[in-house]
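Relying on the hints, combine the two individually framed chains into one complex.
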Amino acid sequence: AAGVIQSPRHLIKEKRETATLKCYPIPRHDTVYWYQQGPGQDPQFLISFYEKMQSDKGSIPDRFSAQQFSDYHSELNMSSLELGDSALYFCASSSQTSGSTDTQYFGPGTRLTVL
Amino acid sequence: RKEVEQDPGPFNVPEGATVAFNCTYSNSASQSFFWYRQDCRKEPKLLMSVYSSGNEDGRFTAQLNRASQYISLLIRDSKLSDSATYLCVVGGTGGFKTIFGAGTRLFVKA
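Chains W and R, in that order, give the protein sequences.
For what it's worth, the working numbering labels the leading residue of the first sequence as 267, then goes sequentially.
For what it's worth, the working numbering labels the leading residue of the second sequence as 645, then goes sequentially.
Hints may be right or wrong, so weigh each one.
Which residues of chain R face chain W? A partial, calculated answer using Cβ under 8 Å [unchecked claim]: (1) Phe678; (2) Glu687; (3) Pro688; (4) Lys689; (5) Leu690; (6) Ser693; (7) Leu731; (8) Lys741; (9) Thr742; (10) Phe744; (11) Gly745; (12) Ala746; (13) Gly747.
Each computed BS3-like pair below joins lysine-lysine, with the alpha-carbon atoms no more than 25 Å apart [claimed, not checked]: (14) W:Lys288 - R:Lys689; (15) R:Lys723 - R:Lys753; (16) R:Lys646 - R:Lys741; (17) W:Lys318 - W:Lys288; (18) R:Lys686 - R:Lys723; (19) R:Lys753 - R:Lys689; (20) W:Lys288 - R:Lys741; (21) R:Lys741 - R:Lys686; (22) R:Lys753 - R:Lys686; (23) R:Lys689 - W:Lys323; (24) R:Lys741 - W:Lys323; (25) W:Lys323 - W:Lys288; (26) R:Lys689 - R:Lys723; (27) R:Lys689 - R:Lys741; (28) R:Lys646 - R:Lys689; (29) W:Lys288 - R:Lys686; (30) W:Lys323 - R:Lys646; (31) W:Lys279 - R:Lys686; (32) W:Lys323 - R:Lys686; (33) R:Lys741 - W:Lys318.
Keep in mind the hints are simulated off the structure, nothing from the lab.
Here a beta-carbon is modelled for each residue, glycine too, at the ideal position from N, C-alpha and C.
Only chain R is shown next, with the shape it has when bound in the complex (with noise of 0.2 Å):
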């Protein structure tokens, strides 16, 4: 079992729909969350961090559930522009090694 995995993808869905994204980790000592986002041949860039308290920013809502072990992204009103690789990203305790999913392809389409 991979130590973080994502839901499969590609997602296609049009504009405006929600979409939301699932993520598992098995490392319970695990202490940073993250959802980045990569572009085709570009580099990963940070879209949020994950609190337990979960957190909101603008569109896109995370959720982070530590008994579960699964972390959350949801996608409101989707944009042509937010077609993209989501990676969930998971740091472990002391912070210097970050595992990342495989990613999550997502295609918003007119």
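Bound conformation, chain W alone (with noise of 0.2 Å):
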């Protein structure tokens, strides 16, 4: 079955740089949601998207946004780097009109890394 497909796997930036993550939903899934875990820590909710607009606020910081897009796809843009960004960021995804549950379902996640 297809799973949720996040790239890249592993990116490398420096301070003050910008980074953009991608995130493909499973099939039929109309909600995303981004989580980002440092070492040792859970995974701390970002934000999310229902049908394309956005459906709950976390822990993102101003430098980051997201969105998105018409075939469902998400992507977060994170700007202006700092150290403390270096993280493992999970995207996972849900259907809320299965009529179940709102089980969610992670991608890989990436490793994002900045020097």
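Written out as structure tokens, the structure is:
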């Protein structure tokens, strides 16, 4: 079965640079979530989109923005990168219209290293 | 107080042991509950959803107590491959915001 796809899998940037992470949800999933997981930490919710509209916002810094496109893929844009942004960034998707619970399925993550 | 709190780990158990994890949540309006498993440097993977009636999947049993606002996960006959971090996950109303517990690390030893 198709899973959530994230690209790139690894990314190295320098301080003050920008980065764009991409997420392709499971086909027919309408909701995308972004999480940040630092070393030894639990995943922290950043932001979510349902049907291309922002549905909830967590601890996403103002330097970050995200959007969901017409094909339901999502991009997380990160600017003025800081050393503390180094983390694993997970995307998850779910189907709000399936009638079942909002079970989220995670992609493999993008490991961002800021030097 | 964190919105979702889990037993501090790590749990070190021998193969074949039974181990139980508990998790408490603070938002009584929470609608959905899950246990995820996360291996080192990998993405969280859904282990099971948790229902009020309790549910079982092989060696794994999950329970939800809404009155006391806690969730439990029981693993019977532990295998070496069960070694991982187990994350308690609670979804809010509307289902868009999900709160993760800090995770409980399990080590199963031969």
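Practice prompt. For the pair supplied as a hint, R:Lys741 and W:Lys318, confirm whether the alpha-carbon distance does not exceed 25 Å.
Written response: Roughly 16 Å separates the two Cα atoms, so the pair holds.
query: Would the pair R:Lys646 and R:Lys741 pass a check requiring their Cα atoms to be no farther apart than 25 Å?
result: holds, 15 Å
For the restraint on R:Leu690, tell me whether the closest CB of chain W is nearer than 8 Å.
holds, 6 Å
- Query: Does R:Lys686 lie within 25 Å of W:Lys279 when you go C-alpha to C-alpha?
  - Reply: holds, 21 Å
Hey, W:Lys288 versus R:Lys689, does the alpha-carbon distance stay inside 25 Å? holds, 20 Å
Satisfaction of the R:Phe678 interface hint, Cβ to chain W closer than 8 Å: Constraint on R:Phe678 satisfied, holds at 7 Å.
Using the nearest Cβ pair, does R:Lys689 come within less than 8 Å of chain W?
holds, 7 Å
Restraint check for R:Lys723 with R:Lys753, where alpha carbons must lie at most 25 Å apart
holds, 8 Å
With the threshold set at 25 Å, check whether the alpha-carbon distance from R:Lys689 to R:Lys723 stays at or below it. holds, 18 Å
inquiry  = For a C-alpha distance cap of 25 Å, please report whether W:Lys323 and R:Lys646 respect it.
reply    = holds, 18 Å
*Against chain W, is R:Glu687 within 8 Å by beta-carbon distance?*
At 4 Å from the nearest chain W Cβ, R:Glu687 passes the 8 Å test, so the hint holds.
With the threshold set at 25 Å, check whether the alpha-carbon distance from R:Lys753 to R:Lys686 stays at or below it. The hint holds at about 21 Å.
Every hint, counting from the list given before, is met by this structure.
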